[in-house]
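Could you use the hints to bring the two separately framed chains together as a complex?
These protein sequences, in sequence, are chains S and H.
Under the working numbering, the residues of the first sequence are numbered 1 to 374, in order.
Under the working numbering, the residues of the second sequence are numbered 1 to 164, in order.
I should point out that these hints are in silico values taken from the structure, not numbers from a laboratory.
Just so you know, not all the hints are guaranteed correct.
Said to hold, decoys possible - Covered stretches of chain H (chain S as the covering partner; in silico rule of three or more C-beta atoms under 8 Å from a C-beta of chain S):
#: 1; stretch: 26-33
#: 2; stretch: 39-53
#: 3; stretch: 109-121
Stated by the list, open to error - Label-pair distances were calculated between CB atoms; the ranges are:
#: 4; chain 1: S; residue 1: Met180; chain 2: H; residue 2: Asp2; range: 39 to 49 Å
#: 5; chain 1: H; residue 1: Gly31; chain 2: S; residue 2: Leu308; range: 39 to 49 Å
#: 6; chain 1: S; residue 1: Met180; chain 2: H; residue 2: Leu19; range: 17 to 27 Å
#: 7; chain 1: H; residue 1: Asp46; chain 2: S; residue 2: Asp168; range: 53 to 63 Å
Where is the CB? At the ideal position from N, CA and C, for every residue including glycine.
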Amino acid sequence: MLTICKRLFAVLFFIVAGFSAFASEEHAEAAHGEKKGFNASEVIFGHIGDNHDWHFFDWNGHPVSMPLPVIVYHPQKGLSVFSSARFHHGHESYEGYALNEKNKIVSEDGVAIKDFSITKNVTSMLISVILLLLIMTSVAKKYKKNGAMKAPSGFQNALEPVIVFVRDEVAKPNLGHKYMRYMPLLLTVFFFIWINNLLGLLPGGANFTGNIAVTAALSLISFIVIVFSGNKHFWGHLFNPPGVPFGIKLLLVPIEIISLFIKPIALMIRLFANILAGHIIILSVISMIFIFGALNAYAGWGFVPVSLAFAIFMFFLELLVAAIQAFIFTNLTAVFIGQAIEEAHHHDHEHEEYHAKHPITGQGYNVSEQEIIA
Amino acid sequence: MDLLIPDLGLFFWTLLAFLVVLFILKKFAWGPIVKALQERESGIADSIAAAEKVKAEMQQMQAQNESLLIQAREERTQMLKEAKETKDRIINEAKEQAKTEANKILEDTRLQIERQKMAAMTEVKNEIGNLAVEVAEKILRKQLAGQEAQQGFVQMLADEIKLN
Chain S
1 MLTICKRLFA VLFFIVAGFS AFASEEHAEA AHGEKKGFNA SEVIFGHIGD NHDWHFFDWN
61 GHPVSMPLPV IVYHPQKGLS VFSSARFHHG HESYEGYALN EKNKIVSEDG VAIKDFSITK
121 NVTSMLISVI LLLLIMTSVA KKYKKNGAMK APSGFQNALE PVIVFVRDEV AKPNLGHKYM
181 RYMPLLLTVF FFIWINNLLG LLPGGANFTG NIAVTAALSL ISFIVIVFSG NKHFWGHLFN
241 PPGVPFGIKL LLVPIEIISL FIKPIALMIR LFANILAGHI IILSVISMIF IFGALNAYAG
301 WGFVPVSLAF AIFMFFLELL VAAIQAFIFT NLTAVFIGQA IEEAHHHDHE HEEYHAKHPI
361 TGQGYNVSEQ EIIA
Chain H
1 MDLLIPDLGL FFWTLLAFLV VLFILKKFAW GPIVKALQER ESGIADSIAA AEKVKAEMQQ
61 MQAQNESLLI QAREERTQML KEAKETKDRI INEAKEQAKT EANKILEDTR LQIERQKMAA
121 MTEVKNEIGN LAVEVAEKIL RKQLAGQEAQ QGFVQMLADE IKLN
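So here's chain H without its partners, still in its complex pose (with noise of 0.2 Å):
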């Protein structure tokens, strides 16, 4: 039974001893420990929840990059396509162009031929008629400078102009 009984000593000494451990460690160990510990912690939990919405955001502009990439694909098809109708287009244009300016070139000229040929011919014709108007004064006047020659002259183109 003196096992049940307390000893007021041990009791009292048991006693001093864990309250001045509980102040001392309170203070000195148990204080920073568990700040530490918890500071730990949420600084771990920051980062995670950091990492997270990196993460998230690293997503989201990949996703973004990705719809950029396409639209620009997408807008240099187009601007392809454009240039290339712009291009057959403009060829086209400067095809169909060119050939009316060239037929109306070749026309111009042809009627400028046309025209210098014909005026060529006319002035060709008229210096013909002058000469051979001038040859036969000559010839007449050289012909015709007796009466009589010029008598047998006019009776011989008399008789001409009744034969055409």
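If we strip away everything but chain S, and leave its shape as in the complex, we get (with noise of 0.2 Å):
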């Protein structure tokens, strides 16, 4: 396996010396036809972005694509519904609206408008839904018919051993003997973000959960339950921690308020950027075949199989990322209602005797709490 790897990157070493000659001699033509170039950001940021229709390939200079509804609220004009082809891919203006250099869709008067428009995301997620609910409902279904002593089979069968992780080792551990009013909702994020996940790794498929508005969503859900599920133990820890001195009361007491907050907007970046990251290193490696090519034609076919090596690498890579995150997701989820439904143990009678002999303790708790946000 090293040899291999070592000749991996003696190829690659190779590859990227030898042409680095033939960049330099091609730089000089590149300067005079700055078309003939391949914009590789305008490729990836073109992709990682939402669109307002499903873009599969170009074909003779012409965009091959699906277009989809669009839905924009006007203050004055009221709601507008039409598809996207009328945009003609941002060539023309439709009803007064159009397309700007983002791809967003601008009042050609200046008013701020909702755009609430099933975009590519959106009809990514639907089709995800669509799976999702096609998938868990016929499990379900075969659990009802077999009845419960019966052992799964088929799809069943590979589901299986997710939910009974999800509900050991994520929700068990965290939520105590509670975790079966949680179950539902811990299950339900874990799917969605995985199938998402998953889809989103299709080629042509949608940049879903490396979008910051998906990723706000799902952790404002988590952030409501966590708030909600909130007993008196933990706002009384959370505004009034007892056994601490005044003075540092209020600097804790603010501290720990933005925790909360902190806790959610954490999971929200955390899933985004992971995916994000994803999307873009693979497109990147991708697009270095094009790069090449742009700069010499046996150079781009040259590196085709250093691009693919890293491609396929990255997909394997991306596969686990996708599971990965959803478990982290769910995890940090499940940890958090935990510590908002703890209830008062037997050791806060001896609370304050507790912090007043190691009031280090109290800070290492943060720390240690800091740390899971990390």
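Given below as structure tokens:
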């Protein structure tokens, strides 16, 4: 395995070193014809952003894409619904709306509009939702039909370990005996994120979970659940930590309140950044072929195996990341809910003594919490 | 920086879709699945516990059977021993009894024979005595028909007595 890796790197260095000479020659030529060059950042950002049509590929310079419904709300004109095909890929405006250079719909009269369009990401999500509902209800039907005591079969068999994993490794250790209340939420979060991560990996797929609006919505749900399941013990420790001197309380309480909001924000950014980074890396590695191809056709073809090897490696890594990120989001949601529903333990009556004797341990607890967020 | 600004539309649709999925799946999928899993687990645990219980019961029964068997065997041996003893005793007793009985019978018989022999002897003696008397009487009557014969006989008798 090590020798293969070494060889791979040797080939890579050979190719990079070999073609750097070509590159410097071609550079002068590229300066003349700027259009000829391949704009990788445009391709990459075009993919990872949201779009009003689902672009598959270009054919003879014409984009082949599926138009999607546009739903905009104008404060004066009200709601308008039309197909994104009316924009003719941003070349024309329709009913006073046009696409700007960032692919966003703007009103030509300059009024701020609300855009509720079914974009590429929303379409991808709807597909995932249909898949999720079909898969899960069919599996549930099997459980109902076969009864509890029959061994699982087919897709039921594939999903059961995952469901049991979420229950035994995520819900039970973090939520204790109240875990049954939160199982539907945790399972839905896990499978929703997972299936969308996987759909995003398909060629031509949308960068759904790598969009901050999506992760913001998901973490908002986590935040609401955390806040609404917080018990007296939780709020008491948040706003009035027992056994802490008044001066430290002035410092500690704001930090605790900020940490309450940081938790869902960390959830939001972690998922968004991980998936976004994966998409960017895969696209960059693929784009390398065309970057080298724009310099020299031989260089482009020569880079294909290297690029493919990296892309395949990244795809496998992203398959792992898809599951891991879904697990982390679910697990941290469970951890935060667990903190919110934690009952006052019997150590509560010795709390004051505990803090009086070891003021450092209170700090240590906060540090570990920060580590969890990080 | 565009990437870090959430779109309202996508945010709204995601929130809506997620909540719809959550409620549908909660009602139609997670409920039955989690319940079935729990039922299966408790069913398996119950089955194992029941099997364990049956096993323990079986073991207990086996031990009981074994002890019963040992007891039965002991009883049988005891009974056989007792029977043998009883048999021996009965045989011995019977032998003893038979022996004494036989001895008694023999004794009785001997006594009876003795007695009868004695009686017969006496009778024979008496008969012989009578016969002798009769014969003697007849002889005497015939011989002693005359006076002088009688006298002569008496004389002879008297002589004989002297000789004895």
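Each hint, compared with the structure:
1. By the rule of at least three residues with a Cβ nearer than 8 Å to a Cβ of chain S, the coverage given for the stretch 26-33 of chain H holds, with 7 such residues.
2. With 3 residues having a beta carbon nearer than 8 Å to a beta carbon of chain S, the stretch 39-53 of chain H meets the requirement of three or more and the stated coverage holds.
3. Taking a C-beta to C-beta cut-off of 8 Å, the stretch 109-121 of chain H contributes 0 residues in contact with chain S, too few for the three needed, and the coverage statement is violated.
4. As the Cβ distance of Met180(S) to Asp2(H) is approximately 42 Å, the hint placing it in 39 to 49 Å holds.
5. The given range of 39 to 49 Å is respected by Gly31(H) and Leu308(S), whose C-beta atoms sit roughly 45 Å from each other.
6. The given range of 17 to 27 Å is respected by Met180(S) and Leu19(H), whose C-beta atoms sit roughly 20 Å from each other.
7. Taking the beta carbon of each, Asp46(H) and Asp168(S) are about 19 Å apart, not inside 53 to 63 Å as hinted.
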